[in-house]
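Chemist: Each chain, written out:
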Amino acid sequence: MSKRESGSKDSGSRSHPGVELVRSEAPSELLRELVAHLRQNRTQLREEWVVRITETRLLTAMTKEEIFAEATSVYDSYVEALETEAFEALQAYARNLSERIIPRGVETHEVVGIVLLLRDVLARSLFAKYQTDFKKLNRILDAYEPAANRIANTVAVGFVQERERVIRQQQEAIRELSTPVLQVRERLLILPIIGVIDPQRARQLTEQLLRGIRTNRAKVVVIDITGVAAMDLTVANNLVQTVEASRLLGATVIVTGLSPEIAQTLVTIGVDLGKMNTVGDLQGGIEQAERLLGYKVEKLAEPR
Amino acid sequence: MEVPILKQGAVLIATFQAALSDADLNQLRMGLVQQVVKFRSRAVIVDVTAMDVMDSFASRTLREIAHMIRLRGAETVIVGIQPEVAFAMVQLGLTLEGVATALDLEEGLAYLTQKFKNTD
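Those protein sequence lines, which keep their order, are chains Z and R.
Per our numbering, residue 17 is the first one in the first sequence, and the count goes up by one each step.
Per our numbering, residue 141 is the first one in the second sequence, and the count goes up by one each step.
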């Protein structure tokens, strides 16, 4: 019995059922073995993965060559992450990859899908290699699983973060476009506001207007809110602040187009309307602005 | 820190520097009024273009300066408030109420010229 105990794993378990007298490799050793296997079979496994990707109809927005190129770099990054356990590098790679493929129209489920497919392809290859040694297979999978999970997670999160960044960027662009500051005469700006104003948009509006006043050296600003349906306390106060801040830059603000509802709201809330110069409609507002600036508009002839 | 005060005819122009301490502001308050008396100025332009932040003490001091100078029969115009500073000020409720403001030195002088023409 003592002869067979020493060193050999199978004999150990046969003589002492339920007790593991196996020589177990350290997890890092197992990982190294695993990584070596994945590198050795790189070409074949990558090919298998690309086939699976095409079969499952993922990455349809990309050409075969593009899929192959991206698959190669993803595969190599995957294996490297397994080897080095450096997940920051992988996250940076994932964001970089996302930056490339998001404009191509690749969706989140596709990115998650292909990473899980790769995970699957590699796992099956491990099954195939170690199928005769069940205990070793278990240990290899124990080393592989957490790392593989982390990789899938990292790539998915990196992709989603990049998408969110793009969305924020687009929202910012839309917000800027939707609040144009227009010069209609020397020293006269018009700010037509349309739609819903939330506190964030209100703040952005104010900043844009103040910058516009300085750039255009405006002395009068007409803020038209005909297109604004409703206003709450925060936004109403923000409007007052905009008027006050504009005055600090030497500009007078005329607010036009207050709907009955908004007029009611402002009165109810108790906004200090003494601080606000208001005129019924945009036309009236522009006419008053012109008077303030010393313009006189004269009709010389009938329209042709 | 010395704040340069230039004389342009009947107008004094004080250019605030970026980082004025409370002591500097206090000194300025007295100094400016003394200069108005000495030169019999009709107006003071305070140029705050270089100030990238305006706290409540600075804001109050500016209002006090304007009030004191008005007691001497002269006008004060604050010019050069930066957009970001203006935004921050109104959020804190510092509106410089009762004090004339203009975009910059040029506008400030134009405002005063207009005002003197109307009152003369």
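Honestly, I wouldn't trust all of these hints.
[Claimed, not checked] Which chain R residues stay away from chain Z? Per the calculated CB distances, all over 10 angstroms, these:
hint	residue
1	Gly149
2	Ile221
3	Ala226
4	Phe227
5	Thr235
6	Thr253
[To be verified] The calculated label-pair distances, taken between Cβ atoms and stated as ranges, are:
hint	chain 1	residue 1	chain 2	residue 2	range
7	R	Ala228	Z	Asp92	46 to 52 angstroms
8	Z	Ala245	R	Arg169	34 to 40 angstroms
9	R	Ala159	Z	Ala77	38 to 44 angstroms
If you are wondering where the hints come from, they were derived from the structure by calculation, not from laboratory data.
A virtual CB, placed ideally from N, CA and C, is assigned to each residue, including glycine.
Chemist: Each of the hints needs a verdict: does it hold here or not?
Modeler: Verification of the hints:
1. Gly149: holds (21 angstroms)
2. Ile221: violated (5 angstroms)
3. Ala226: For Ala226(R), whose nearest Cβ neighbour in chain Z is about 4 angstroms away, the distance does not exceed 10 angstroms, so it is violated.
4. Phe227: Violated, because the least Cβ-Cβ distance between Phe227(R) and chain Z comes to about 5 angstroms, which does not exceed 10 angstroms.
5. Thr235: At roughly 5 angstroms from the nearest Cβ of chain Z, Thr235(R) sits no farther out than 10 angstroms, so the non-interface label is violated.
6. Thr253: Holds, since 14 angstroms exceeds 10 angstroms.
7. Ala228(R) x Asp92(Z): 46 to 52 angstroms: holds (50 angstroms)
8. Ala245(Z) x Arg169(R): 34 to 40 angstroms: violated (48 angstroms)
9. Ala159(R) x Ala77(Z): 38 to 44 angstroms: violated (55 angstroms)
The structure fails to meet hints 2, 3, 4, 5, 8, 9 from the earlier list, while all remaining hints are met.
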